[in-house]
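Student: Read off the chains here:
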Amino acid sequence: MNSHNVTVLGFAIILAGLIGTEVTARTGRTQVPTFAQVVTRVMHTRTGRVGILVGWAWLGLHFFAK
Amino acid sequence: MRPDSVPRTQRSAQPEESRPEEGRPETAWPATDTPATERRTSRAATASVPTTFTDRALVTASGTRQPVVAILLAIVVVTVMAGKPLDGLLLAVVTIALARDAGMSARHSGAAVRSDEVDNARGSVERSAWAGGAAWPPRAGRPRRRHISLGVAGALVYSLTIGSFTRMSWPATAGVIGLGAGAVIIGWGGPTRRREIPSRFTKVGILAWGSLSLAACLWELAALLGQPNLEQSSYTHPTISTLTDPLLSTSPGRTIALLAWIGLGAFLVER
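From first to last, the protein sequence lines are chains L and V. For the first sequence, position 2 (counting from the first letter as 1) is numbered 50 according to this note's numbering, and the numbering increases by one without interruption. For the second sequence, position 97 (counting from the first letter as 1) is numbered 871 according to this note's numbering, and the numbering increases by one without interruption.
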């Protein structure tokens, strides 16, 4: 397995972990919060809210803008 | 918030009148100011307004202790190093403003507590997440169907238009900056929807999301540092940007990605 495949596999494992955590959280049988709950908690202060939205805006700039 | 899910120490620190009623959810909407609170806040604000440049700089520097601000500053550094000075500049401006706001909030809270001690008033200080109040009252429920339809139609038109421009062109840049700035301004004004704020998470929850987020950041950083240089992508060590290049090189691909970006933004603004 070359370096390219290892790197892609790493991203795939992390993505699978994120999806798995969300699915687990939605079952309600664990103490793990859903993604929406995490974001709501972080965004309940102005610093958190603006910070997250700036991160989102940066994502758009990074992929589409100069 | 379920009262029984709050640690005893946290519950006892709250004054009786500001404690959520049994079964009533805690919302993002700031607590209504009582005259006493107003007096304290006003006195605290007057006492703690920075006057000199050094004082302002210190307040801003103290705001960087907030994790969100620190993460944004790290992104600024990496963005500038990766050869995107415009991204870095815009992000730096907002991050500094945010750091100042966070520093001021922390200072006001401290001053309000001191003022409260002098007052010997009842209970502790009612702290609002939005100093000075939110710019608008949040909605109680979901947006109306008519508004959702208009939003979806607008998002489609926007994505098709911006997606038709060449990637990294000035028209695309202007479009993305416009929408991004609009969302940040709305975020600064306060929440748009009244929501139940979840109580503090358990260690398991923090560990699950925190470790995965950290792993994603470190893996991306490792791929970035594996490139010949920060501005040149590598097939051997592809970053997320490199992996999405084939999708974003076509107009339909950009349209789909823009729709996903807008969808994520709408989800966040509604939190």
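Please note that the accuracy of each hint is not assured.
Stated by the list, open to error - Example chain L residues on the side facing chain V (calculated, C-beta under 7 angstroms, incomplete): (1) N53; (2) T55; (3) I62; (4) A64; (5) I67; (6) V71; (7) R74; (8) V80; (9) T82; (10) G99; (11) L101.
Unchecked claim - Partial list, derived from the structure: chain V residues whose beta carbon lies under 7 angstroms from chain L: (12) L865; (13) V867; (14) M942; (15) V950; (16) R967; (17) I971; (18) F975; (19) V978; (20) L986; (21) A990; (22) Y1009; (23) T1010.
These aren't lab readings, by the way, just hints derived from the structure by calculation. If you're wondering where the values come from, they're calculated on a predicted model, not measured in any experiment. Here a beta-carbon is modelled for each residue, glycine too, at the ideal position from N, C-alpha and C.
Student: All hints, please: hold or fail.
Tutor: Verification of the supplied hints:
1. N53: Hint violated; L:N53 Cβ to chain V Cβ min 10 angstroms, cut 7 angstroms.
2. T55: holds, 5 angstroms
3. I62: holds, 5 angstroms
4. A64: violated, 10 angstroms
5. I67: violated, 10 angstroms
6. V71: violated, 12 angstroms
7. R74: For L:R74, the interface hint is violated, since the closest Cβ of chain V sits about 13 angstroms away, which is over 7 angstroms.
8. V80: holds, 5 angstroms
9. T82: Given a least distance of 9 angstroms, the restraint on L:T82 is violated.
10. G99: holds, 3 angstroms
11. L101: Hint holds; L:L101 Cβ to chain V Cβ min 4 angstroms, cut 7 angstroms.
12. L865: holds, 5 angstroms
13. V867: violated, 10 angstroms
14. M942: holds, 5 angstroms
15. V950: holds, 4 angstroms
16. R967: violated, 10 angstroms
17. I971: holds, 5 angstroms
18. F975: Since chain L brings a Cβ to about 5 angstroms from V:F975, closer than 7 angstroms, the hint holds.
19. V978: holds, 5 angstroms
20. L986: holds, 5 angstroms
21. A990: holds, 5 angstroms
22. Y1009: It holds, given that the least Cβ distance between V:Y1009 and chain L is near 6 angstroms, below 7 angstroms.
23. T1010: Interface hint status for V:T1010: holds (5 angstroms vs cutoff 7 angstroms).
This entry does not satisfy hints 1, 4, 5, 6, 7, 9, 13 and 16, going by the numbered hints stated previously.
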